[in-house]
Amino acid sequence: MITFNLNGREVETEAPPTMRLIDLLRDEFQLIGSKEGCGDGECGTCSVLVNSLLHNSCLVPIGAIEGAEVITIDGYCKTEQFQLLSECYSEAGAVQCGFCIPGMVMASAAILSQNPHPTEEEIREGISGNLCRCTGYNMIVDAIDLAAKKGEGLW
Amino acid sequence: MVIKTNTSYRYKRLEETLSRLSKEECQIIAGGTDVMVQHKSPRGTPAKFDKPIVFIDQLKELKQVYKMNHDIHIGACCTYSEMMKHPLIPGILKKAIKEIAAPAIRNRGTIGGNICNASPAGDTLPLLYIYNAKVRLVSAKGERMIEIQDFIQGPRKVNRLNDEIVREIILPEVHEDLTHFVFEKVANRRADAIAKISFAGLLRRDEGRISDARFAFGAVGPTIVRSMDIEKKLLSAAFPLDNKFIDGIVADFECLLKPIDDGRSTAVYRKTVALHLLRHFLEMY
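If you read the sequences in order, they're chains L and A. The numbering of the first sequence is UniProt numbering, which starts it at 1 and goes up by one. The numbering of the second sequence is UniProt numbering, which starts it at 1 and goes up by one.
Looking at chain A on its own, in the form it has when it is part of the complex (with noise of 0.2 angstroms):
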């Protein structure tokens, strides 16, 4: 098989795109941080890809972000420094990506980038997991909406059909008033490093009980971990949490995450480290 490295697509529009999308099965290049990188080649010679690259970056349909429904919609394409900018984006969002890599990243890297790579330590996904994002898809034939723990599948795998493209990323409306957020990121440097283990929590309060609380931890699992389960022991528990029902809730959790070892670290660490945050978050909140 020849392998065509020279065929690319870069158009305007979107429409065009898609369109290109529903003739041939290509490699979707947004930002590029992490694709350069996984198919990085020897010096000097272009990175390969086995399929024809449709460039995404520049379309200007995936980088709107704006309010509609109380709900906060997100273009796929929006970078991390055009988000830092944007007023309508979350701070709790704000503070995470501030955590993520450095401003020349921020400055290339986008939200679908992060989503699609489905890394298990994406920077985002957490706290996407905990506003209950949604992901709009869009092809040449029609569009469809999906929760983002079922896009998400596993490390590097997506529910994306080849002819699709995500279009934006959607946070239902989270009254803020109220409710605590967290999102905190351990690593090895303060910039530029991928997670060991990143955690979101939420925990919002109505007249001294609990209503709302939702956990989700990174880089503990193939995906981004959370329980339903879990998070519904804790609707109605009077507020402050006595000790030992938070120590049922981070027994819960225990069992639940299931870190490896690797070369950020060990599975041991990341547990233990996991389960400290919450406990911490239970405690503090």
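So that you can see chain L by itself, here it is in the shape it has in the complex (with noise of 0.2 angstroms):
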């Protein structure tokens, strides 16, 4: 039996150890907002954070999240800062087909909250594991640095 937090719920898992997290929380919880892409982490499409870090929930056995906090974008879609980093998004276009869009938003809760005053070199750095193939990065570089300037003091 495994227990964690799972987007501020207690809950607990009879699935064995070496589970992915990314298959945990898709088929058992369903809670599908987190996308597999490679399952190698090489494309940040499951992107969940764990106690506050971001993590590819491809790579994580759940025997490694006993007591942990996951937040993973289905949990993290019900903040305020969520709805900033939504407008931030629409307004700078940065969605297209949108696949990668559940992981970048999850890399850009990190960057923000270790961060809230980002470079644009710091954010290209912490969205460089996540792979988009539509919007060649810069709008969302551009969403992510909107939702530093209009989210004074929410990060």
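Check the hints yourself; a few may be wrong.
[Unchecked claim] Mimicking SDA-like on lysine to any residue, the simulated pairs with C-alpha atoms at most 20 angstroms apart in a straight line are:
no.	chain 1	residue 1	chain 2	residue 2
1	A	Lys-40	L	Glu-36
2	A	Lys-60	L	Glu-69
3	A	Lys-95	L	Glu-122
What the hints contain is simulated information worked out from the structure, not anything from laboratory work.
Both chains come to you apart, so use the hints to assemble them.
Written out as structure tokens, the structure is:
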């Protein structure tokens, strides 16, 4: 039995400890906001926060999250910070097919929560593990920059 | 044989973990960033291991960084992100860590895992080799120390007994003033790419002459390539080095580097670029 905090709620699972966190989230908890892209930790589409730090949920065996706090896009989308990010992503036109966006938003959350005033270079570094094949990244960078500026005091 | 994928242990203390390892052979998982990819199974099914799992990422005893007798001790389960933030970690190692993967991997992957994975392209390895790093192993029976080049024996092959855990990586003191370090990684993408070639170099000068020279190449052989014999040739050489001398050193390494063709690169490319990195370092510093 593994117990952890998922989007603010204490949960438990009987799934085997070498189950990947992405599979547990999607299959057992029906949290399908986190997508599986490469499954090798190279694309960032499955990004979640574990104890406030960005993680690739495809690489995390659930045995390692005993007692941890996990936040997925499904939980994060209920926050004030998400509302702002959502507005800024729209305003900057930072979405095309949308497949990378749940991971990009979680990476954005990690960047801004650690550094409310990131430079462009820090933003690019922060999303460097997240691949996007449509936007060309610049609009996503603009969206995060906008969220930093508009969100004074929120981060 | 029944594959016991369900058996796993996650202890609060190192002592209990070592006691478990003394009783049965287990698969150790630190961050899991390499091991979970190697043991990937179809979507929705747990990663398959033929041994019980011991998780060690939570062990506080393996997360300390401290200085003792001028040497820097780095707990094997320090993640790359933790090392990036720690004031005792040398700047050049931080620079190398910046080239490792991306934030999400750096939040999980550990230095001990990078060493035990023993990939010829392991990102921290060339620098650890030129630091003359030592690996401190611990088991229920006691401890031992081993030089990193003796610990790593080949791809995914290390000199670790089944009941042992890598506890620390020790960086013996390097007088950093007057010492030039470089770390170069060549890869397809800035983030999350495995190195085609990596190179670490160290040169120290005293009164216009070289007093210490160390070079290590990654991904050009089954283990990191370093040669004490070639390094010795540089001692007492006048600085800057003349071109003929540099040609000789590059030629020495040309015989030593034995890269392979694989999905990431060709042998010819690897060797050419590796030697260019060496030449550039010898000419510039």
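Comparing the hints with the structure gives:
1. About 13 angstroms separates the Cα atoms of Lys-40(A) and Glu-36(L), which keeps this hinted pair within 20 angstroms; it holds.
2. Of the supplied pair hints, the one linking Lys-60(A) and Glu-69(L) holds, its CA atoms being roughly 18 angstroms apart against a limit of 20 angstroms.
3. For the proposed pair Lys-95(A) and Glu-122(L), the alpha carbon gap of about 15 angstroms is at most 20 angstroms, so the pair holds.
In the structure shown, no violation is registered for any of the earlier numbered hints.
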